[in-house]
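S.K.: These are the residues of each chain, in order.
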Amino acid sequence: MSQEPKDVPFETALKKLEEIVQHLENGDLSLEAALKQYEEGVRMADICSKKLNEAEKKVEILMKTSPGKFKTVSFEEKEKKSKK
Amino acid sequence: MRRSNPIDNSDCRATPAATLATQRRVFSISEITKNIRSVLEENFSGVWVEGEISNFKFHTSGHMYFSLKDEFSQIQCVMFRSENAKLDFDPKEGLSVVCFGRVSVYPVRGQYQLYAERMEPKGLGALQLKFQQLKEKLKKEGLFDEARKREIPYLPNRIGIVTSIDGAALKDILNVLDRRFSTVSILINPVAVQGAGAAASIAEAIEDFNRLKNVDVLIVGRGGGSLEDLWAFNEEIVARAIFNSRIPVISAVGHEVDFTIADFVADLRAATPSAAAEIVMPMKEELILRISDLKLRILQAFTGFVKNLRQELKALQQSRGLKDPLSFFEIKFQRLDELKKNMTALFETLVRFKEERLSGLIGQLEALGPLSTLKRGYSATFKLPGETLVTSFDSVKPGDFVKTRLKKGFFTSQVKETHA
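The listed protein sequences correspond, in order, to chains V and P. Position 59 (the first sequence) corresponds to 72 in our numbering; numbering is contiguous. Position 366 (the second sequence) corresponds to 803 in our numbering; numbering is contiguous.
The shape of chain V in the complex, shown without the other chains:
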């Protein structure tokens, strides 16, 4: 295993993907290099897609329980409570 996809920030992966596409589109690469670039590009694209898809909506509120201690409460729940 090389790098875990999670370690690469989305922006880095996106930039790399764009560079690779440019390289490949420009040609003048050896077959080995092109193959490597292609594999890396596909990996970067997967990382990007994964990052976009894995997130789930979560709105939370930070509450201080005691000095230096916190808990998080769902925003929706708190909204509902306060509306009652």
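Keep in mind that a hint or two might mislead.
Derived pair list, reagent style DSBU-like, types lysine-lysine, alpha-carbon separation capped at 30 Å [stated by the list, open to error]:
id, chain 1, residue 1, chain 2, residue 2
1, V, Lys28, P, Lys586
2, P, Lys586, P, Lys572
3, V, Lys70, P, Lys608
4, V, Lys84, P, Lys608
5, P, Lys572, P, Lys529
Read the hints as simulated data drawn from the structure, not as lab findings.
Based on these hints, arrange chain P on the given structure of chain V.
M.R.: Positioned in the frame of chain V, the structure of chain P alone reads:
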């Protein structure tokens, strides 16, 4: 050109009755008003007056009429259109202000009043001063330096928000974020954004996030309001907290025109809370499209690349050189033979051509030359010695030897006579 004291005291002072009849000086109302006016204008030409506005009237003519008052007194004031057009705030009933102008007389009513040229709100002026001073100080310390500003992450995993839990700002931010990136993750640290303790609570919330390290970017702000409402964001404690934050901070305070100290220190200043949300999160749909487009391009580019290689390979494989290497030489030898044959033929033709041309030239030369003339029976005579051609009788004298050339051979003779 007025005299320093236009009123001659000896004229109007109460004087003994005896002199009254002869010496009394009677003023017309206009005259005395004019004199009073001169006195006032000389002594109160550039004064600052502080007071509370009352009876404020903004006349349709564009002039402002009001009184300035304190606990015990009041003074009538007028601020003409040309002056009040320069005001950057609206004077209102009850507002404490400082006015600059001259005290003079309005002759029609015999009323003295302040002709205001400038007006500053008193409370606000002080705040503004405080703002300017803090801004200067922090700027000098380098808190606003562009070089030290942190980069805002392109796609934060989680966004921290420091604002009031029930303010319009939070609603705006959540709405925009939801629209742009439906699966966004947000953590709100609720604070008081105005009133006593607001600044401390904002600063603490920023520090909380830095301690917890559970967000990638912070939005710190509130909706628009008066300078007093936004004041917490002009406090040094908030500026320091933003400066010390290791998490990048986007400031999102009030309306577009308001700049707070927090805006200057923040890594990025958004004009409004909604704008902050627009900046912090890209459109999810756009990103998805962009990535699928890049994926397609990388596939096309690679297959194109392989296709090209394959074609090149095929072309090489099919070339004769690779298929039958000896044939290459055979062709060359054949061609060499051909060239040899051709060259010989060409050479022979050339020689023949030259020979023909030579004999032709000789014929031409003979036809034109003196020999052909001799052939026809003419002769040529040369004087001896030297053999210069004789073409006239006077080139020779009797006794000279001459040589005569014939078609065949020559003879020598001596000149006997010459005739013209």
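S.K.: Kindly indicate which numbered hints from before are broken by the structure, ordering the numbers from low to high.
M.R.: none
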